[in-house]
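Construct all of the structure, not just a fragment, from the sequences and the given hints.
2 protein chains.
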Amino acid sequence: MKQSKLFTKTQKDAPKDEVSLNAQLLIRAGFVDKLMAGVYTMLPLGLRVMKKIENIIREEMNGIGGQEILMPSLHPKENWTITGRWDTMDDLYKVKDSSDREMALGPTHEEIVVPLAHKFINSYKDLPFAVYQFQNKFRMELRSKSGVLRGREFIMKDLYSFHISEEDLNKYYESAKQAYFRIFEKAGLKDKTHLTFASGGSFSKYSHEFQTVTSAGEDIIYVCQKCNIAVNKEIIDETNKCPECDSSDFQEEKAIEVGNIFKLNTKFSVPFDLSVMDEKGEKKTVIMGCYGIGLGRLMGTVVEVHHDAKGMIWPEAVAPFKVHLISLGKNEEAEKIYAELQKNNIEVLFDDRDESAGKKFADADLIGIPYRVVVSGKSMQAGGVEVKKRNEEKSEIIEMTYLLQKLK
Amino acid sequence: MKQSKLFTKTQKDAPKDEVSLNAQLLIRAGFVDKLMAGVYTMLPLGLRVMKKIENIIREEMNGIGGQEILMPSLHPKENWTITGRWDTMDDLYKVKDSSDREMALGPTHEEIVVPLAHKFINSYKDLPFAVYQFQNKFRMELRSKSGVLRGREFIMKDLYSFHISEEDLNKYYESAKQAYFRIFEKAGLKDKTHLTFASGGSFSKYSHEFQTVTSAGEDIIYVCQKCNIAVNKEIIDETNKCPECDSSDFQEEKAIEVGNIFKLNTKFSVPFDLSVMDEKGEKKTVIMGCYGIGLGRLMGTVVEVHHDAKGMIWPEAVAPFKVHLISLGKNEEAEKIYAELQKNNIEVLFDDRDESAGKKFADADLIGIPYRVVVSGKSMQAGGVEVKKRNEEKSEIIEMTYLLQKLK
Chain E
1 MKQSKLFTKT
11 QKDAPKDEVS
21 LNAQLLIRAG
31 FVDKLMAGVY
41 TMLPLGLRVM
51 KKIENIIREE
61 MNGIGGQEIL
71 MPSLHPKENW
81 TITGRWDTMD
91 DLYKVKDSSD
101 REMALGPTHE
111 EIVVPLAHKF
121 INSYKDLPFA
131 VYQFQNKFRM
141 ELRSKSGVLR
151 GREFIMKDLY
161 SFHISEEDLN
171 KYYESAKQAY
181 FRIFEKAGLK
191 DKTHLTFASG
201 GSFSKYSHEF
211 QTVTSAGEDI
221 IYVCQKCNIA
231 VNKEIIDETN
241 KCPECDSSDF
251 QEEKAIEVGN
261 IFKLNTKFSV
271 PFDLSVMDEK
281 GEKKTVIMGC
291 YGIGLGRLMG
301 TVVEVHHDAK
311 GMIWPEAVAP
321 FKVHLISLGK
331 NEEAEKIYAE
341 LQKNNIEVLF
351 DDRDESAGKK
361 FADADLIGIP
371 YRVVVSGKSM
381 QAGGVEVKKR
391 NEEKSEIIEM
401 TYLLQKLK
Chain L
1 MKQSKLFTKT
11 QKDAPKDEVS
21 LNAQLLIRAG
31 FVDKLMAGVY
41 TMLPLGLRVM
51 KKIENIIREE
61 MNGIGGQEIL
71 MPSLHPKENW
81 TITGRWDTMD
91 DLYKVKDSSD
101 REMALGPTHE
111 EIVVPLAHKF
121 INSYKDLPFA
131 VYQFQNKFRM
141 ELRSKSGVLR
151 GREFIMKDLY
161 SFHISEEDLN
171 KYYESAKQAY
181 FRIFEKAGLK
191 DKTHLTFASG
201 GSFSKYSHEF
211 QTVTSAGEDI
221 IYVCQKCNIA
231 VNKEIIDETN
241 KCPECDSSDF
251 QEEKAIEVGN
261 IFKLNTKFSV
271 PFDLSVMDEK
281 GEKKTVIMGC
291 YGIGLGRLMG
301 TVVEVHHDAK
311 GMIWPEAVAP
321 FKVHLISLGK
331 NEEAEKIYAE
341 LQKNNIEVLF
351 DDRDESAGKK
361 FADADLIGIP
371 YRVVVSGKSM
381 QAGGVEVKKR
391 NEEKSEIIEM
401 TYLLQKLK
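Chains as they are written, first to last, in the numbering used here: chain E, 1 to 408; chain L, 1 to 408.
Heads up, some of the hints might be wrong.
Identical copies go unnamed one by one, so any copy, or any two together, can satisfy a pair.
[To be verified] 25 Å max Cα-Cα, derived SDA-like pairs, lysine to any residue:
id, residue 1, residue 2
1, K254, G188
2, K34, E167
3, K119, T83
4, K77, R58
5, K378, N391
6, K12, D354
7, K9, P115
8, K322, Y402
9, K283, T266
10, K96, A37
11, K51, T108
12, K5, D168
13, K330, I236
14, K2, I121
15, K51, N345
16, K34, W86
17, K284, K322
18, K360, D308
19, K226, F250
20, K171, L6
21, K241, E174
22, K9, I64
23, K283, S4
24, K284, T83
Worth flagging that the hints you see were computed from the coordinates, not collected in a lab.
Below you can see the structure in the form of structure tokens.
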């Protein structure tokens, strides 16, 4: 894409009421726009990042047999009354229909997916299965000061799995855990993200959070210095031994919860009477798990972890473009390179604007695309283009014929 | 995908309260599930159709320079007060925040996109540009009896274009019109879809709807028998001459509005003071156009146009899969074909279920995938597989070596 055509512009300052670093950088670089507290528009650059994240997650969810669906935001009150959460969930948005019928704006989808499953499954032969969606959630958050980390409206991947037995759930839960590790690894968060043991509620000993260590975190976790898993506050208060390796050597850290997986067991199957006939013809209540990742939160966490004083530093797999091609008064030559890169399916943002070198470099650092390729009189005299990675200081002059080789 | 793994099943009957044919077929075949009147879940097969439609539209919107963004559903009341539509729009859902602050659930996005543009554009050099999104709309519809054609919650593509002059808008409007024709052609609606002249409101003589003729239509249009454009009721009451060719020979038809394009001119730029400096340094109010397509409505319209007594008949470009591979007791041989088709990137639903031939054929007809490929003892004796197109009666035995050639 040509930067001269991009309708967004970089900004020197973020809105004064925006205190979080992730939102400040994302707003200044033109990735997101803040409509009100906790509610953001995804602009072209930000939406490209979100789509990259979505595709990474989709691939992994399909890999563990997830079937993609899309459930609505408008939920009948009845469904939420059945589980008792109409009255107990504080952050539930409620809205009235023309006939004064009450509905909820879905903050999660157990109340919809369980009755849906009820329509289609009868026998143990219908199990196991898992469905997932990328869908807009609504939560009436009181504290929306963490930029895109905690939205009142936000896109979430939520997967729900259905099983005949706890053993089958446990097996699936492990495969989901591994899929989550791969997602965070691809998103460039592997080193800082810890599997974190949290309370499992009344049905299982533990649930698991994936917590990414950063000073912007709203959560406190305790990282086992021996085996690298972590526990949350509640768990460390109960026991100061690591549930994995029995060590007591913990390091306290601030962290962001980038994902969670939870054994629901029969918590939602019971109220909706979701059951099947087993092999002996006996009625069995279905066992469930649920597995969430907030996409905007993941984007914001990547920014918190990967930035410097000049701006963001996107890991390649989630970068809006792979290459930021910058022309310094050499648009004709740059156009040719732009065409060549596009022909080879290399995603490129081409800064063809009539701006100073200083402005172009500052914008490139702020936007944070992995490879900066500069075409200038100087680079051409030296026989090529100047290539610099956003996360490295050194640059090198590369002959045109080797550029594609380097970037492929 | 293996049909034995698909968690949905076909159903003999649709819900009794579902009077529209499109929703009856989509529900019976397991494409959508009805949560309540006008609110549907997209199931795996339906979501695949929606994604196909989305990609067709995206390609065309990118082709006319649209930049994809994603705006929120929660809108501040203030934005809707500025345009006066907080009080005048009957189908606006209103919701309250924890601090009793009022918000709207977006039924359309002029109130959001214009202030957004205001943040980034100053000069005539920033124009023209266009942004679009695929986004969930909310409208408090009183009559939700048309299945997926008229939702209270539905995904819409809405594009907004911004111009320095009416001439520039007119030029862009024409290119959008052509893009719309291509979209409806790809979706298999070309022959039945008419450019329809409607009232343009106070700012331009006409707006345009794209109306698809079908007995399920809620609108009445008048198709010019000479030049094939149409006019709506309002226009024919004013003049009974065709605005294109002056003919007075009209045929009355029922039709579904599958898209509309509208010259907004300065209707929304004025209240938000969206203006730029022109070449002479004079302030000019920005001229706008808007362009909508409802994705679920388009899916429902395709069903209304392309079905028979046995079920749906998907045009290839929007079909959930290209091939429905059916094994009649020959799963081992069918598995090989399934693997071969997948290896060649041919989208295939593989009916590997333990069901009768009659049930499998009936389901295939209901689901309506373009090519049915049957592997049976009979077909193998005849030297291959039996291939039948959903929209043709005849079938043929094709040798395995020619199957890929036929389907590619």
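Do the hints match the structure? See the list:
1. For the identical chains of this complex, K254 and G188 are intra-copy neighbours only, at 18 Å inside a copy versus 55 Å across copies, given an alpha-carbon limit of 25 Å.
2. Neither within a single protomer nor between protomers do K34 and E167 lie at most 25 Å apart by alpha-carbon distance, with minima of 45 Å and 33 Å respectively.
3. Within a single copy, K119 and T83 get their C-alpha atoms as close as 18 Å, which meets the 25 Å cut-off; across copies the closest is 44 Å, which misses it.
4. With identical chains, the CA atoms of K77 and R58 are never at most 25 Å apart, being 30 Å at best within one copy and 35 Å at best between copies.
5. Taking the shortest alpha-carbon separations for K378 and N391, only the intra-copy value of 23 Å comes in at or below 25 Å, while the best inter-copy value is 63 Å.
6. For the homomeric pair K12 and D354, the shortest alpha-carbon distance inside one copy (18 Å) is at most 25 Å, but the shortest distance between copies (64 Å) is not.
7. Proximity of K9 to P115 under the C-alpha cut-off of 25 Å is restricted to the inter-copy arrangement: shortest distance 15 Å between copies versus 46 Å within a copy.
8. In this homomeric assembly, K322 and Y402 come within 25 Å of each other (Cα to Cα) only inside a single copy, at 17 Å, whereas the closest approach across copies is 41 Å.
9. Taking identical chains as interchangeable, the C-alpha atoms of K283 and T266 lie at most 25 Å apart only when both belong to the same chain, with a minimum of 14 Å there against 64 Å between chains.
10. Proximity of K96 to A37 under the C-alpha cut-off of 25 Å is found in both arrangements, the shortest distances being 23 Å within a copy and 14 Å between copies.
11. Taking the shortest alpha-carbon separations for K51 and T108, both the intra-copy value of 21 Å and the inter-copy value of 23 Å come in at or below 25 Å.
12. Proximity of K5 and D168 under a CA criterion of 25 Å is satisfied inter-copy only: 16 Å between copies versus 52 Å inside one chain copy.
13. With identical chains, the CA atoms of K330 and I236 are never at most 25 Å apart, being 60 Å at best within one copy and 57 Å at best between copies.
14. Taking the closest pair of Cα atoms, K2 and I121 come within 25 Å of each other only across two copies (17 Å); inside a single copy the shortest separation is 51 Å, beyond that limit.
15. Taking CA atoms no more than 25 Å apart as the test, K51 paired with N345 passes in both settings, with 17 Å inside one copy and 22 Å between copies.
16. Taking CA atoms no more than 25 Å apart as the test, K34 paired with W86 passes between copies only; the shortest distance there is 21 Å, against 29 Å inside one copy.
17. In this assembly of identical chains, K284 and K322 lie within 25 Å of each other by CA distance neither inside one copy nor across copies; the values are 51 Å within and 38 Å between.
18. In this assembly of identical chains, K360 and D308 lie within 25 Å of each other by CA distance solely inside one copy; the values are 17 Å within and 59 Å between copies.
19. For a Cα distance limit of 25 Å, the shortest separation of K226 from F250 inside one copy, 8 Å, qualifies, whereas the shortest one across copies, 82 Å, does not.
20. For a Cα distance limit of 25 Å, the shortest separation of K171 from L6 across copies, 20 Å, qualifies, whereas the shortest one inside one copy, 47 Å, does not.
21. In this assembly of identical chains, the alpha carbons of K241 and E174 lie at most 25 Å apart only when taken from the same copy (22 Å versus 69 Å across copies).
22. Only between protomers do K9 and I64 lie at most 25 Å apart by alpha-carbon distance; the minimum there is 21 Å, versus 40 Å within a single protomer.
23. For the homomeric pair K283 and S4, the shortest alpha-carbon distance between copies (22 Å) is at most 25 Å, but the shortest distance inside one copy (64 Å) is not.
24. Only within a single protomer do K284 and T83 lie at most 25 Å apart by alpha-carbon distance; the minimum there is 19 Å, versus 56 Å between protomers.
Violated hints for the displayed structure, listed by number in ascending order: 2, 4, 13, 17.
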